[in-house]
Amino acid sequence: MASTLGSNLGSGSLNVLNQTLKMFSQKPVTGFFRDGYCRTAGGLDPGNHAVAGVVTDEFLDFSASRGNDLRSIGLKGGCKWCLCTARWHEAYQAYRSGRITNLGVPRVDLEATEDSALSIVDMEILRQFAVRHEQLNAGGT
1 MASTLGSNLG SGSLNVLNQT LKMFSQKPVT GFFRDGYCRT AGGLDPGNHA
51 VAGVVTDEFL DFSASRGNDL RSIGLKGGCK WCLCTARWHE AYQAYRSGRI
101 TNLGVPRVDL EATEDSALSI VDMEILRQFA VRHEQLNAGG T
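Residue numbers (the numbering used here): 1 to 141.
None of these hints come from the bench; they were simulated from the model. Possibly wrong hints are sitting among the right ones.
[What the hints assert, rightly or not] Calculated pairs, SDA-like style, for lysine to any residue (alpha carbon to alpha carbon, straight line, at most 25 Å):
#1 K76 to A86
#2 K22 to G43
#3 K22 to R34
#4 K27 to A130
#5 K22 to D35
#6 K76 to E90
#7 K76 to T101
#8 K76 to G43
#9 K22 to A86
#10 K27 to V131
#11 K22 to R132
#12 K76 to Y95
#13 K22 to V121
#14 K22 to G47
#15 K27 to S13
#16 K27 to Y95
Can you make the complete structure from the sequences, with help from the hints?
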């Protein structure tokens, strides 16, 4: 049902740079609506899968320890995935408190991260973990 709802909503979402939201990944296909975009459609996504993150093995371990084993759906380090904003922020807080390294915080594609993420995470924090597009393209996903 989510994909049907999503297809009727159009692509009017903005990214954290106040530009049109960029597609993030079709391999693996990601997003709450499984359309490749990290968009929440004005609150239809209760988990706010707005952060376009490149996951690491350390983040996958962290997420599994918090009850969400993303490996069970086939993710591995280097995969691009629309992450729940609160989980991304939780990883950031774990890094700040020394529970994980900075590699445990997924790098973020700002052009593909929906502006709704800014309701939880400050833009300057997202910028600290921004990925360069050369890195994204070299990843092959």
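Find the hints from earlier in the document that the structure breaks and name them by number, from lowest to highest. 8, 16
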